[in-house]
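Go by the hints and put chain Z onto chain W.
Chains W and Z, in that order, are what the protein sequence lines are.
In terms of numbering that gives the first Met the number 0, the first sequence is residues 0 to 492.
In terms of numbering that gives the first Met the number 0, the second sequence is residues 0 to 450.
Calculated from the structure, these hints are not laboratory results.
Keep in mind that a hint or two might mislead.
[What the hints assert, rightly or not] Below 20 Å or equal to it, Euclidean Cα-Cα: the simulated EDC-like pairs (lysine to aspartate or glutamate) are:
#, chain 1, residue 1, chain 2, residue 2
1, Z, Lys348, W, Glu111
2, W, Lys449, W, Asp390
3, Z, Lys322, W, Glu111
4, W, Lys157, Z, Asp170
5, W, Lys323, Z, Asp170
6, W, Lys369, Z, Asp170
7, Z, Lys405, W, Glu111
8, Z, Lys348, W, Asp390
9, W, Lys157, W, Asp173
10, Z, Lys348, W, Asp51
[Claimed, not checked] Covered stretches of chain W, going by a simulated chain Z footprint (3 or more residues, C-beta under 8 Å):
#, stretch
11, 113–124
12, 321–333
From the three backbone atoms N, C-alpha and C, an ideal C-beta is built for every residue, glycine too.
In case you want the letters, here they are:
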Amino acid sequence: MSEKRALRQREGLIFERSSPGRVGYQLPPLEVPPVDLATTIPAALLRGEIPDLPEVSEVDVVRHFTRLSKWNYSVDEGLYPLGSCTMKYNPRINEEVVRLAGLAQLHPLQPEDQVQGALALMWELEQALIAVTGMARVTLQPAAGAHGELAGMLMIRKALADRGEHRRIVLIPDSAHGTNPASAVFAGFEVVEVASTPEGTLDLGAIARHLEGGDVASLMVTVPNTLGVFEPEIVKAAEMLHERGAFLYMDGANLNAFVGVAQPGKMGVDALHINLHKTFSTPHGGGGPGAGPVAVSENLVPYLPVPMVENIGGRFTLSYDRPKSIGKVRGFYGNFGMLVRALAYIRSLGRDGLRLMAEGAVLNANYIRKELEGDYHLQYTGPSLHEVVFDDSLQAASGVKNVDIAKRLLDYGFHPPTMSFPLIVHGALMIEPTESDGIDELNAFIAAMKAIAREARENPDLVRGAPYGTPVRRLDEVRAARQPVLRWQARKA
Amino acid sequence: MHRYLAGEDDRRRMLAAVGCSLVEDLFISVPAEVRCGELALPPARSEEEVRREFWALAGRNIAPECTASFLGAGVYRHVTPAVADALLQRGEFFTAYTPYQPEVSQGTLQAIFEFQTFVCQLTGMEVANASLYDGATAVVEAVLMAHRLLPDRPKVAVAGSLHPDYRAVLDTYCAPQSLTVITVPADAKGRLDATAFAKAVGNDVCAAVVQSPNFFGVVEDLPALGSIAKGAKAMAIQAVAEATSLGILAPGGAFGYDVVCGEAQAFGIPAAFGGPHLGFFATRQAHLRQLPGRLVGETVDTEGTRGYVLTLSTREQHIRRAKATSNICTNHGLMALAATIVLSLLGKKGVRDVALASHSTAEYLKAGIRGQGTGSRVKLAFPDAPTYNEFLVLHDDPDGLLARLKDELVLGGVSTTRFGAGLPRGFLVAATEHNTRQECDRLLDALRRLA
Chain W
0 MSEKRALRQR EGLIFERSSP GRVGYQLPPL EVPPVDLATT IPAALLRGEI
50 PDLPEVSEVD VVRHFTRLSK WNYSVDEGLY PLGSCTMKYN PRINEEVVRL
100 AGLAQLHPLQ PEDQVQGALA LMWELEQALI AVTGMARVTL QPAAGAHGEL
150 AGMLMIRKAL ADRGEHRRIV LIPDSAHGTN PASAVFAGFE VVEVASTPEG
200 TLDLGAIARH LEGGDVASLM VTVPNTLGVF EPEIVKAAEM LHERGAFLYM
250 DGANLNAFVG VAQPGKMGVD ALHINLHKTF STPHGGGGPG AGPVAVSENL
300 VPYLPVPMVE NIGGRFTLSY DRPKSIGKVR GFYGNFGMLV RALAYIRSLG
350 RDGLRLMAEG AVLNANYIRK ELEGDYHLQY TGPSLHEVVF DDSLQAASGV
400 KNVDIAKRLL DYGFHPPTMS FPLIVHGALM IEPTESDGID ELNAFIAAMK
450 AIAREARENP DLVRGAPYGT PVRRLDEVRA ARQPVLRWQA RKA
Chain Z
0 MHRYLAGEDD RRRMLAAVGC SLVEDLFISV PAEVRCGELA LPPARSEEEV
50 RREFWALAGR NIAPECTASF LGAGVYRHVT PAVADALLQR GEFFTAYTPY
100 QPEVSQGTLQ AIFEFQTFVC QLTGMEVANA SLYDGATAVV EAVLMAHRLL
150 PDRPKVAVAG SLHPDYRAVL DTYCAPQSLT VITVPADAKG RLDATAFAKA
200 VGNDVCAAVV QSPNFFGVVE DLPALGSIAK GAKAMAIQAV AEATSLGILA
250 PGGAFGYDVV CGEAQAFGIP AAFGGPHLGF FATRQAHLRQ LPGRLVGETV
300 DTEGTRGYVL TLSTREQHIR RAKATSNICT NHGLMALAAT IVLSLLGKKG
350 VRDVALASHS TAEYLKAGIR GQGTGSRVKL AFPDAPTYNE FLVLHDDPDG
400 LLARLKDELV LGGVSTTRFG AGLPRGFLVA ATEHNTRQEC DRLLDALRRL
450 A
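In isolation and in its complexed conformation, chain W is listed as follows:
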């Protein structure tokens, strides 16, 4: 295994390929008179040719980026069981329709009568997300999950201010995603972390104690939580919050687990964001763009960001007439390209397919859990939905940590699980297979995980030294942080 390397070219930086006089793109001849810059713009505000930009041919560029692409692992290549990230298949028809000239080339400031199809599409997506969540309305604007969290918390802040209340505290369980506390702070709140119960779920007693002070604005909770466990008392928690005039914010990162099975609208949720790049298949793009629409209950509708798409008897319009709105949260109206893909996905699956999707995700996670239970330790044993969180405690005796297991998994041809959270599981291996794969791919993954468990017992150094078959070996992250090199620079002559 350690000797196996695919055919890979060495490839430097694009700047290192540069050779004087090469061009990668040619503009059409300029038909208007070329301007003498000295006559139009003051000399002090101009610059000359930018030194050190590359000079490469079109062929150079194709080779360069094709070679780089081969160094990536991707969903197209195989199971990508990164917990909480929902790395499902990204259908190609979505990529085709988003590139239609009547969608891709639309300028956001064309008059509304020229973009009725685009507005109709946004309205249709909002209706679909209302159907899925059971909420009152949805803003499509936030660009990502964390952006949605911020928009949601700003709405809660505004709703409280409208009542003349300036509550300071947001409660967040210790199992939460890191974006939750960061978003709450950017919305002007202070975060109080709430310890989970021994089962890893919400501690209602602790929440009740915090609510007594009257200073709690909201509870932010992920459903199902980051252990893949449904919060059994979510409805009770919502009632407690509402009795005290506080709001329930749901992190919808794990919505894939229950689409067509349950609805946040029935849980007492006041606002939740929906990661279209998770549940609704828009590609992750190596780090975005995503889209994080926020669905709200009736009481938060007045505070939704502007603009909202309204349907006035079949004519669609962008409405800014929302006096209580939190305002704008980004330029224009949302990551429209992602909205197109998400609607195409919802249409492709339909009501029946969306439920099968959630069922498949949950079945796959439970199958992996069952098959690996003897080989890896499971700290929290509540019923799993779409993901299962093992840890490395069985391997710890031989000095093998979760990160070693992850790196060894690369040699077996799989992307590793999530390890950075939940913080309540030490040495976590958070596995979310999604519904995209069948039993054979899951079995290959299970076999790899079992083989690594065996290696950890019999030859721990082998695991600790992994990976061996990747384009680079383990990288020195300490050096990267201590002596930051964050850009290429030409060697001084």
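Same frame as chain W, now just chain Z:
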């Protein structure tokens, strides 16, 4: 079953393995009171049916490429090399996650490192991050960084000629931070009033924000405004809404600005009805620890081979949580890759040529409008101001005029009425290397007849 899912036999075998007879048994932890019935959505559709539905939706829009289009105001149509989209459609790029596992993400990581380098070169700054959502949120992140660096200064001074969307988003984000945003108006030439600016930027101001070229297309006096900010020890921030302008215009980095940030959609990213676009953020090395968003750094592996990793993550939400420098997680990585490919193709010569061609085309239009004489109902708002590729034309009924132009398949510009009160009545006209002389002549002719 469905084409995106496994089959009946997969399901039967896995259910047997987990000891359930029905899939329903796996949802036993979901209480009855939160369950829903069948979703109120249409049934599953075939690929061909989906294609038809989206063709129909797209067909209800007017694609600018079927017209002579001069729309800008923050979104510009420049070069779209065939190579760029072909490379972007490689599944190895677009179906990968954020590169948390560097050994199997070197493609993404190296491309981001190249992007950071391009941004530094264009802006004249020392460090750049891996992207932000868009120009508006990039300006917000710059102001919030200034607030962290100068926490005792509760005010932000912002040019009135900042893109209205950027300004609106800034207001939304500043409200909970107790930051007061002061507006400094433009003068009669469409440029920021330097005297008013100097007065506004006192020692209680943490950030001074100037957009250049500004919302009216006018090139600001960056050196003078930067000196004013520095004189008050405030952070000087340049916002850029049209990144190709950096091909000929000296960036804030040349004048000691603390941040140059904005929107890089102009480098080959489709207008896409407003997103996804590409926020960029560049600053000085001294501010590195307060930088928002992801960073890629160079290092070596255990065998000494050069490689790239996400670095300085202790600034970020997944480590620092409530104390992070930003809440951003998913950013706009694929858009950064798109711009990196386009910038590579354009290279040293192309980056300048695109800017020169766009500027020359806009100057041709300006000359044409000037040539319509004093009797014309359209006139340049700031005839003596230096502009890059966009300019404001005054007209008392811009929406009516633009509608008449549209009937001749000319999208003549963006009406200022789209941005509420407070702006001069008229429309912004933007030109790029994409606009042919014949398109320009069609616009000028239509204005002569229809204004």
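Going down the list of hints, with the structure as the test:
no.: 1; hint: Z:Lys348 <-> W:Glu111; result: 38 Å, violated
no.: 2; hint: W:Lys449 <-> W:Asp390; result: 14 Å, holds
no.: 3; hint: Z:Lys322 <-> W:Glu111; result: 42 Å, violated
no.: 4; hint: W:Lys157 <-> Z:Asp170; result: 14 Å, holds
no.: 5; hint: W:Lys323 <-> Z:Asp170; result: 14 Å, holds
no.: 6; hint: W:Lys369 <-> Z:Asp170; result: 51 Å, violated
no.: 7; hint: Z:Lys405 <-> W:Glu111; result: 12 Å, holds
no.: 8; hint: Z:Lys348 <-> W:Asp390; result: 54 Å, violated
no.: 9; hint: W:Lys157 <-> W:Asp173; result: 26 Å, violated
no.: 10; hint: Z:Lys348 <-> W:Asp51; result: 11 Å, holds
no.: 11; hint: 113–124; result: holds (count 7)
no.: 12; hint: 321–333; result: holds (count 9)
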